[in-house]
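**Student:** Between the sequences and the hints, there should be enough to build the whole structure, so can you do that?
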Amino acid sequence: MRIQRLQTRIIVFFVALLALVQVAAFWFVNAANSRNAQEKVAEELNVGQRVFARLLDQNAEKLKLSARVLAADFAFREAIATHDTGTIASVLANHGARIGAAAMVFVDLDGNVVSDTLSPQASSHPFVYPELLAKNAANASMEVLDGRAFQLVAVPVLAPLPIGWVVMGFAVDDALASDLRQLTELEVTFALDTPQGRRVLASTLDERDQQALLGHMPSRSNTVSRLVINIGGVDHQALVIPLDQNDSARIVAVLHRSLGDALAAFERLRNTLIVLAALSLVLSIIGSVAVAGNITRPLEALASAAARIEQGDYSAPVNLQRSDEIGVLASSLNHMRSSIADRENRILKLAYEDPLTDLANRSRFSNELELAIAQATQGSLKLTILMMDLDRFKYVNDTLGHGVGDHVLREVSARLQQTVTGAECIARLGGDEFAILIKHDQARHAGNADFVETARRIIAALEAPILFEGQPLDVGTSIGIAHFPEHGRDAQTLVRNADIAMYAAKRNKTGYATYEQHYDTSQQEHLSLLGELRSAVERNELRLYYQPKVSLRSSHVSAVEALIRWEHPTRGLVPPAQFIPFAEHTGYIKLLTRWVIREAVRQCGEWLREGLTLQVSVNISARDLMNRDLPEHVAELLAEHDVTPGLLCLEITESGFMEDPAHAQKVLDRLAELGVKLSIDDYGTGYSSLSYIMKLPVQELKIDQSFISRMATDEEISTIVRSTIDLGHNLGLQVVAEGVEDVAVWDMLRKLGCDDAQGYFMSKPLEAHALASWIRNNHGQFSCLPSSGLPATSHAAEAAAKG
Amino acid sequence: MNAPSRRLATGVALLLGARGAVATDLTLEVSDPDGKPVADAVVYAAPVTGTAPPVRPKLRAIIDQVHKEFVPRVSIVQTGTEIFFPNSDNIRHSIYSFSPAKTFATKLYSGREAAPVLFDTTGLVILGCNIHDTMVAWVFVVDTPWFGKTDADGASTIKGIPPGEYRISAAAPAPSGNLKSIEMTLRVGGDGPQRQSVSLLAGG
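These protein sequences, in sequence, are chains A and B.
Under the working numbering, think of the first position of the first sequence as 1, with each following residue one higher.
Under the working numbering, think of the first position of the second sequence as 1, with each following residue one higher.
No lab work stands behind these hints: they were computed from the structure.
Note that CB positions come from ideal geometry on N, CA and C, so glycine has one too.
Where hints are given, some of them may not hold.
Lysine-lysine pairs mimicking DSS-like chemistry, simulated, CA-CA at most 27 Å apart [to be verified]:
(1) Lys-695(A) - Lys-666(A)
(2) Lys-135(A) - Lys-58(B)
(3) Lys-68(B) - Lys-64(A)
Now the in silico label distances, taken between C-beta atoms and shown as ranges [claimed, not checked]:
(4) Lys-68(B) - Lys-135(A): 17 to 23 Å
(5) Met-184(B) - Ser-221(A): 54 to 60 Å
(6) Lys-135(A) - Pro-100(B): 27 to 33 Å
(7) Ser-178(A) - Pro-86(B): 32 to 38 Å
**Tutor:** What follows is the structure, encoded as structure tokens:
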């Protein structure tokens, strides 16, 4: 609309400008021509007047000459001299006819008319224009005789002295007027102006124009007057010339010329001008339409290009090959288009791509999944999603730093991309969590074996260690598989169920798992457990069980490890593996740890009062090490229950202090200052080096049960255990073996010089009073004889509880 | 005045003198109304009583044409005089008169081809040339032998006038053609004046 108006404005402007110029030019030309025409006519009138006067004079001279010739005729003179009136009349008539005079009069010396061809029968009477009669000269004048105008010439008749005058009258008639017009190129009218009125004597005009002319004639004047008269609708410039001075009846000649005639040439010029103006207007309209189009068409192209960009279509550049400003604008627009496209791509990349691995991110994956579900719902497509996370990534990240973690993630991405072909989307959802979306034809994939195969390939691909600066890193994975539509008809359900399958795989250490209904219920259980855990403390449903640590050298029991148990009112005893990880994830672990420390310290104090001095170990998590208030809290508890700090041992995993080593170090230092004993738990599962542990204020090293349980059968493991014990001793640490389940291991450890042992071989975790009874019954000693009477059951759950 | 006319005048005077001893000469001094003397004016005297002397035969006069002019321009002759029109020009002339006193016309002629014309009636005869309009001559034809023409001083003496009562006439044609004239009665002889001034009246 605006462009249309711009075009219109351009056209209107140019056409109006041209029209204005033309009107102005036309006006000037018109005025100049009109003035020229008037001047020309005035000039023609002046010339005409002179010619007219001259012609009249010449005419008179000619007539005088003729009259003189006649007057000199001897016979004529003889007839006059002899007063032969009859002869005189006939001579007058004859000679008049000979020279074309309309009237012939002879006047005697007394001024009386002797003979008159106009009225032959009239008696003698004085001649009416005596002033014409001169004895020695010929006179000529315009006069009226018998109502008709004549140019009268009076010539004396000499014999040889004057004896009378012959007066000849030449008619002033239309023929004369026509002759004069031919010579002067002016319209000529002779008119008689009497007090009684005016009438035309002779004229080159027709009757109607004559009347018009009479109406315009000025009042009687003795001088030539000039005026403009309108005859037949056309202006004429006219000269009114009095031809005689007779007072009563004056003859005037009116010479005039039509301005129309003079303007005729200009009229033609004007018509040409009008045609030219019209032509140039048309051309200028066409031209300005073209010019405006030339401006507005590219503008429209630019506008539509801008509209396309606005709609997000960056594919088509504006194609304007112009070197002018519009071309520059088009080029700028193209630059802008590509810049916006680039930026949008970058934004999209940021929004939908994981910058670390260049895989899709969670948003992208969700979108793709929604889209794929929409497509699959309409058609016969099936979808499969694989959710996976890395089993030991947390350790890698915690112990070796984020740089290594990032490297691992990138490497895993690369392997995923190589391994999984034909996937719709491979995404990193966050952390070490990956998801794969696969679209497939139901007909082609009869079963789910293909995806199981895919999962296996992924696991296989990740089994090869990832190298970081030459160091091999071992990262396993757990994969959950869910199919659309069997395992959920919407994205949220599908993802959650794949997640559940993944946790199941992790839990069952099967590597991968396809979603099954009962996973969901156990998952639901976890969730509701978590909710109930919040109130477990208040409801006093949590219990601490204690497992004794036995000195391998003296078999003396001087320490126990406190292990948490949840006595659910309906579910019975809930193993720690089912709620500790969730507690850690939600941060509830801090509350839990507090409760455990308080309970452990309280129990320790109780035992002291009962005369039983036992060092109590408590597991604390990485999150607890982030808590600056922990040392003060511990100190308050110890003071409250009157327990020596040395009786409290806090066990931390390697990863516990790797998350923020500097912070952890401060907390650990503070605890050590208090006199609290510190122990490294699960040693061997992480990647921390002993040289680093050396810097920590720890006194004890606990070798992970996975080593201890296999050392009896595996020579290599036994070597590792031995060297670990040696290293620990060399660093001045007390070495504790966990998971001792039979006497063979007991004996091996004793031989290797390990300080303490803990495990089902000696005792399973016991309630406080049971433990006290067990110690009293054994007199504080553990006898490695089978007759100890203690139950020897599986301890897998115990080990997991210490995660 | 040329020689023949002088001889003629002398002849007239002698004739008068022979007739009577008492004859006198009368000198007339002609002037125009302004008082200026008029040359070439004709004067003549006719007796109031008695009859004029009879016309004598064989009276002759000459009017020559010289350079397309009549010479003399003004003549006065007694009735019965034959006037000769010799042509001294080397072109031809054709002399005419429409005057009632003598109407005549000659054919074109050269030299002395033209026959003399008898002027036998008193009156003024105006001569013209038919082919030269500017040529004009005045011929006064009088029935008295006592006449004359004034000289350059406007004076003319008429000789041998017998005493008696006379009607004296004087006339002179103006160049315009108008004739100025005067008539008066005068007693000649005896105690009559011998010189008389005459003032012309303007002619019509």
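**Student:** Compare the structure with each hint and give your call.
**Tutor:** Now for the hints, and whether the structure bears them out:
1. The hinted pair formed by Lys-695(A) and Lys-666(A) meets the criterion: a straight-line CA distance of about 12 Å does not exceed 27 Å.
2. Taking the CA atoms of Lys-135(A) and Lys-58(B), the gap is about 38 Å. The hint is violated against a cut of 27 Å.
3. The hinted pair formed by Lys-68(B) and Lys-64(A) meets the criterion: a straight-line CA distance of about 25 Å does not exceed 27 Å.
4. The hinted window of 17 to 23 Å between Lys-68(B) and Lys-135(A) holds, with their beta carbons roughly 21 Å apart.
5. Between Met-184(B) and Ser-221(A) the beta carbon distance is about 56 Å. The supplied range of 54 to 60 Å therefore holds.
6. Here the CB-CB span from Lys-135(A) to Pro-100(B) is close to 20 Å, at odds with the stated 27 to 33 Å.
7. Range check, Ser-178(A) to Pro-86(B): about 56 Å between beta-carbon atoms, so the 32 to 38 Å window is missed.
This entry does not satisfy hints 2, 6 and 7, going by the numbered hints stated previously.
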